[in-house]
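Asks: Same order as they appear, the protein sequences are chains A and B. Converting from the first sequence to the working numbering requires adding 657 to each position, the first position being numbered 1. Converting from the second sequence to the working numbering requires adding 2 to each position, the first position being numbered 1.
Mixed in with the good hints there might be a few duds.
[What the hints assert, rightly or not] BS3-like, lysine-lysine: derived pairs with alpha carbons at most 25 Å apart: (1) 748/A - 304/B; (2) 802/A - 701/A; (3) 748/A - 802/A; (4) 375/B - 437/B; (5) 280/B - 213/B; (6) 213/B - 748/A.
[As the list claims (entries may be wrong)] Covered stretches of chain A, going by a simulated chain B footprint (3 or more residues, C-beta under 8 Å): (7) 698-707; (8) 721-732; (9) 756-765; (10) 796-810.
Simulated from the structure, these hints should not be mistaken for lab results. No residue lacks a Cβ here, since even glycine has one placed at the ideal position from N, Cα and C.
Take a look at the letters that make up each chain.
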Amino acid sequence: MKQITNNQLSKRVERCIVSLLLPLVLLTFSPMSAAEDVVAVVRKGTPVATPISRIALSSIFSMRLTTWPDGSAIRVFVLPDDNQLHSIFSKQILRLFPHQLRIAWDRLVYSGTGQAPVVLNSIDEMATRIANTPGAIGYLPKDTKDDNLAVLNVE
Amino acid sequence: MTMLLFSLWNSPTVTLRRNHPSNCEQWNCPPARKVHVCNFISQVLASKIVLIFCISLSTPINCKAIELFDSVQIHGFASQAMFLSSGNGMFTDNKSNPNFEFTELGINGSWYATPNLRLSMQVLSRRAGRWDNGSPVIDFGLMDYSFNLDSTYRVGIRAGRVRQPYGLYNDTRDVAFTRPSILLPQSIYLEGARDLTISGDGLILYGESTKPWGNLTLELFGGYPRTESINNQFQAVFGYSGVLESNPSFVGRFNYETYNGRLRFALTGAYTTATASKSVPSPNGLVTFAPMIFSAQYTTEKWTLTSEYDFDFFKGENLGLPGFPINPDFNYFGQKYYFQAAYRFNPQWELMARYDAMYPNSHDQSGYQASIKSKGVSPDYSHYAKTMTVGLRWDITSTMMIRAEYNYINGTAWLPVQGVPTGVFGISDNNQTSKYWDLFGLQVSIRF
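The whole structure should be built from the sequences, with the hints applied where relevant.
Replies: Structure follows, in structure tokens:
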């Protein structure tokens with residue numbers, strides 16, 4: 658019978674731990690690269706300081722925070738629930754699942770306690786509507802270039 | 003006011019005369035064909051309206067509202083259900099299988115007059131057997147003034163006809179998309195008492211705080227709950243003619259959810275009273291209902307686990323008439339709860355399972371004493387209900403959904419009065435109901 662030294666044992670345990678943890682670490686970090694590809698965007702000149710707190714941002718997209726610091730109305734634009742960019746933005750930036758946002762919006766709309774965001778069909782439409790709507794906020798791929806838009810970093 | 007009608011259903015009540023086929027054979031009364039034809043026509047008509055509505059609205063693939071101006075939104079919903087029952091009819095006493103007696107249609111508009119002032123109104127047409135006949139009613143119509151003190155605090159006031167803050171599902175209980183099943187867990191959201199819990203004329207004061215440790219919301223309602231559907235059927239419920247009027251009532255809900263919304267707790271307390279004025283000289287009846295509801299929900303990407311527990315005080319005084327053979331007054335401490343698990347194995351598909359228990363009088367869970375007191379008019383099983391439900395939901399698009407569910411039920415405590423057959427002299431006869439019954443439901447729903 659083969660003798661296992663303490664050293665060998667600890668190496669085996671180490672290998673086991675690495676092989677178990679590596680996929681976990683990869684799982685945790687790989688979507689983060691996707692998160693870097695989507696950014697919150699406002700119309701240029703919107704009275705909000707960047708970076709914005711994550712709480713304030715998720716309150717805006719949950720439609721609980723409805724006015725900018727100067728008292729003007731916030732206009733929220735989103736893509737459809739099953740859109741990939743919407744899913745990444747919800748999960749990675751807001752830390753909410755798309756179905757949680759949908760439930761929150763439905764509760765507001767059908768109980769008379771608020772409004773839902775405006776759902777747009779495409780990234781192009783999103784860029785155009787934000788650029789042309791006072792007080793607008795939405796999200797876009799990071800590489801979008803538009804002089805009428807300003808990126809809102811999250812702290 | 004979950005339980006107002008429960009014990010009243012089980013008291014010797016007089017029901018508007020319906021010509022149940024088996025009653026007709028038994029009591030040799032002439033079948034009222036006209037009634038049946040009318041019912042059939044209205045049923046077909048309502049189903050058609052829903053169908054047309056569905057087709058016209060199912061074209062947009064995304065869940066989009068109608069945007070008139072930047073500050074105005076119009077939303078709507080429609081659903082039609084079908085029930086098959088092995089025992090007691092849902093929303094109908096004639097056990098017709100299948101029955102299509104459950105239709106919901108609603109449209110609402112919301113307008114931000116200023117960034118802080120919003121006006122909102124919803125019109126609802128609901129058909130649920132003879133209880134709700136589908137005539138449109140103002141479900142809510144309100145002015146909401148809210149103010150963000152900074153990005154973490156918000157206070158506001160809603161005035162007009164407002165939704166009562168009650169448990170997890172009451173806020174949107176007529177919108178099939180927001181429910182976990184065709185029928186809400188009846189222990190907490192009793193069909194027969196929806197009128198009194200759904201919306202009321204009064205005020206809501208609310209405050210909200212969002213911090214890194216979570217969101218806290220407090221809502222306080224004071225006003226008059228609605229009684230119109232009950233008054234349409236006053237005679238059927240109370241056994242004599244009269245009017246039920248709600249007195250100033252109060253509901254409060256305290257809600258906490260973690261920052262990411264995964265965990266949610268709510269505590270609801272209510273104190274509601276209503277006065278029954280009788281058309282014959284006799285002291286007014288008074289019904290008092292004070293529930294306390296604990297709600298909890300845990301959500302992950304695929305799972306939603308929900309439970310609500312209700313402990314309530316429910317009392318009815320002077321509800322009988324002089325010379326009534328049975329005194330219908332009661333004084334109960336009720337206990338109701340459910341456990342529910344929903345599993346989204348795919349973004350468009352959801353499986354649901356639930357166990358729901360309802361004991362209107364927790365000191366008499368078997369219903370034995372109540373049955374003795376009623377002199378056999380209400381059997382013991384009409385004083386409790388234990389329901390097991392499994393359901394499957396398919397969101398075909400974000401605006402169209404179809405679902406099926408199966409309920410196995412022991413007891414009839416939540417069976418709506420529409421489902422209780424009428425016996426001799428048109429009196430609701432709880433002895434004609436089945437103790438064990440299966441209820442299968444299918445529902446199509448759309449929204450925008």
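Asks: With reference to the structure, classify each hint as holding or not holding.
Replies: A quick look at each hint next to the structure:
| no. | hint | result |
| --- | --- | --- |
| 1 | 748/A - 304/B | holds (13 Å) |
| 2 | 802/A - 701/A | holds (12 Å) |
| 3 | 748/A - 802/A | holds (24 Å) |
| 4 | 375/B - 437/B | holds (19 Å) |
| 5 | 280/B - 213/B | violated (52 Å) |
| 6 | 213/B - 748/A | holds (19 Å) |
| 7 | 698-707 | violated (count 0) |
| 8 | 721-732 | holds (count 9) |
| 9 | 756-765 | holds (count 7) |
| 10 | 796-810 | violated (count 0) |
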